[in-house]
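*Asks:* In case you want the letters, here they are:
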Amino acid sequence: MIVYIVRRLMQAALVMVVMSILVFVGIYLIGDPVLMMISPDASELEREAVRRALHLDLPMWRQYLLFVNDALHGNFGRSFLAGQPAMGLIFERFPATLELAFASLVMSLAIGLPMGVYAGLRPSTPGSKAIMTGSILGFSLPNFWVGLMLIMVFAVMLPDLIPGWPRLPASGRGATVDVLGVPLSFLTLDGLRHLLLPAITLSLYKGALIVRLARATAREVLPMDYVKFARAKGLSERRIVGVHVLKNIMIPIATVSGLEFGQTVAFAVVTETVFSWPGVGKLLIDSILLLDRPVVVAYLVIIVFFFVVLNLVVDLLYSVLDPRVRLESRAT
Amino acid sequence: MTDAALEPAPLEPVVAAAPQTPLRRIVSDFCENRLAVFGLVLVVLSIFVAAFAPLISPQNPFDIANLDLLDAKSPPGTVSGDGRITYWLGTDGQARDMMSAIFYGMRISLFVGFVSVLAALAIGVVVGLVAAYAGGRTDAFLMRFVDIMLSFPAILVALILLSVLGKGIDKVLIALILVQWAYFARAARGAALVERNKEYVEAATCLALPPWRIVFRHMLPNCMPSLIVIATITLARAIALEATLSFLGVGVPVTQPSLGMLISNGFEFLLSGSYWISFFPGVALAIAIVGINLAGDHLRDVLNPRNLR
Chain L
0 MIVYIVRRLM QAALVMVVMS ILVFVGIYLI GDPVLMMISP DASELEREAV
50 RRALHLDLPM WRQYLLFVND ALHGNFGRSF LAGQPAMGLI FERFPATLEL
100 AFASLVMSLA IGLPMGVYAG LRPSTPGSKA IMTGSILGFS LPNFWVGLML
150 IMVFAVMLPD LIPGWPRLPA SGRGATVDVL GVPLSFLTLD GLRHLLLPAI
200 TLSLYKGALI VRLARATARE VLPMDYVKFA RAKGLSERRI VGVHVLKNIM
250 IPIATVSGLE FGQTVAFAVV TETVFSWPGV GKLLIDSILL LDRPVVVAYL
300 VIIVFFFVVL NLVVDLLYSV LDPRVRLESR AT
Chain P
0 MTDAALEPAP LEPVVAAAPQ TPLRRIVSDF CENRLAVFGL VLVVLSIFVA
50 AFAPLISPQN PFDIANLDLL DAKSPPGTVS GDGRITYWLG TDGQARDMMS
100 AIFYGMRISL FVGFVSVLAA LAIGVVVGLV AAYAGGRTDA FLMRFVDIML
150 SFPAILVALI LLSVLGKGID KVLIALILVQ WAYFARAARG AALVERNKEY
200 VEAATCLALP PWRIVFRHML PNCMPSLIVI ATITLARAIA LEATLSFLGV
250 GVPVTQPSLG MLISNGFEFL LSGSYWISFF PGVALAIAIV GINLAGDHLR
300 DVLNPRNLR
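Protein sequence lines, in the order shown, are assigned to chains L and P.
The first sequence begins at 0 in numbering that gives the first Met the number 0 and counts up by one.
The second sequence begins at 0 in numbering that gives the first Met the number 0 and counts up by one.
Keep in mind the hints are simulated off the structure, nothing from the lab.
Please note that a few of the clues may not be correct.
Now the stretches of chain P that chain L is said to cover, found in silico as 3 or more residues with beta-carbon under 8 Å [to be verified]:
no.: 1; segment: 130-136
no.: 2; segment: 142-156
no.: 3; segment: 241-251
no.: 4; segment: 276-290
For glycine and all other residues, C-beta sits at the position ideal for the given N, C-alpha and C.
Working from the sequences, and respecting the hints, build out all of it.
*Replies:* Shown next as structure tokens:
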């Protein structure tokens, strides 16, 4: 077990090193930051001074080591646009993204689980077939387009056509409440109204996944002996499904929800852009489009670190929970 | 195939009467599901529109001489100022006929999707089959690499790559190929590991055939069914991913608008009520993707070897 953890840690470190080299080579060596930072009519001497200040005169490997050293100290330079340290800018925006991701997780579970269980219990009813076809739509429809259509319907058309219909906001976060210094939207009514459309958009894909998973597991569990036994005992259908079946469905659902959380955070980039949600994803897109290099680099390093840690935790939990993984790693 | 499988099934006299080739079985099985056939119709329609865009479009949306700015943002059904064409799906901010723009956009979207999936399939198949056939250290190394690739979300990797590479259809293709090959590598290895222990591979080895021939002429054809299924799903994902990247502004250039780009262009007019500029390209995109998924979903059941009768 210890060998496995050590090996996994080493692999995570290796991924970080490789990714940091890729980010460094990709972002730092393509294009000349000096041209972007100073005016084109500066003299050669001034250029040379800036070059030296940015350590661009050093050989590549020393530039890389300086970059790593700065990165380890959390120093990615200042944003060209905001003037703030890039790192601080990202941590400022992270809670908004996490809030959106959690809201969509809750929503996809609340909608997907009952639908999936129903489709599993009564596979041949028209309702179930509609749910399964709908889940294909949930997979297929491009996320950002669904967001746009929600804006069109709930922020533009319905309030225009029906007087008195509440107009849902299409951008921003609304009023927030500070909890331990972190601003949160879901505690105010205005914040909730802002959260609703982006959360629905982001939950669609995952909701469809949960529907299919819940249906498949329910169909697998139902013919099992313990369910038959519970029926023979004369338990109510409600108790059989609500307690015995649901418990077993929750295991794969919990696993997938955990694994997919990273995906949701990554996909929030799209949803945040559509709804102008002030999270890290929108920051990244804005920075890429406006060539704000320090912010892009800081985001990439942090998000790669986030994923490496997330994968590490998931893998370690797996090996704790599932003995087969442990044995396999020992055998190789 | 056992002898029992060759005997005519009593319940299906029609099938038994015709000689049952695998292809015929697949076609007839596929047609049993009406939803899947509907999906296939949508796919064929999308490909038709994309292939013949210059012939069937009322207007060439890239030719500025054709555009009359007075017609900009006309709602669906408007007749153009000079009375030559009717804008059935309206026009965008530059007075482009949306229907023509969608036909041309579908071309770019499908082109990017098909090319990237085929290239990723080729790379992934080579890596996966080599890993499965070689085994041992080569296998462990290649698959660890694939695992790491797959542990990062596709959209994120594509965004990172494009922020470095810049805009352009060629760059989008590179990013999509790099994102997708790992799926095929994993699937090809999984399928090949099953095939490797079968007798025909043993027989080929006994004939002292060269390894590349065993892998690519004998094992590969038997791995194809599962790879085709993965390819259809990946195709749908690739088209959606390209649209997403173009929507975010890091995908195709403005001069070659794909469907995602068209939707993005309409975004600014959406809040002022000009819904058609975003709405119809999205419908076209959804038709293509839903069609592929509906057909692919059923194709998986049909091609599944466990369903062989």
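*Asks:* All hints, please: hold or fail.
*Replies:* To see whether the hints hold, each was checked on the structure:
no., hint, result
1, 130-136, "violated (count 0)"
2, 142-156, "holds (count 7)"
3, 241-251, "holds (count 6)"
4, 276-290, "holds (count 7)"
This entry does not satisfy hint 1, going by the numbered hints stated previously; all others are met.
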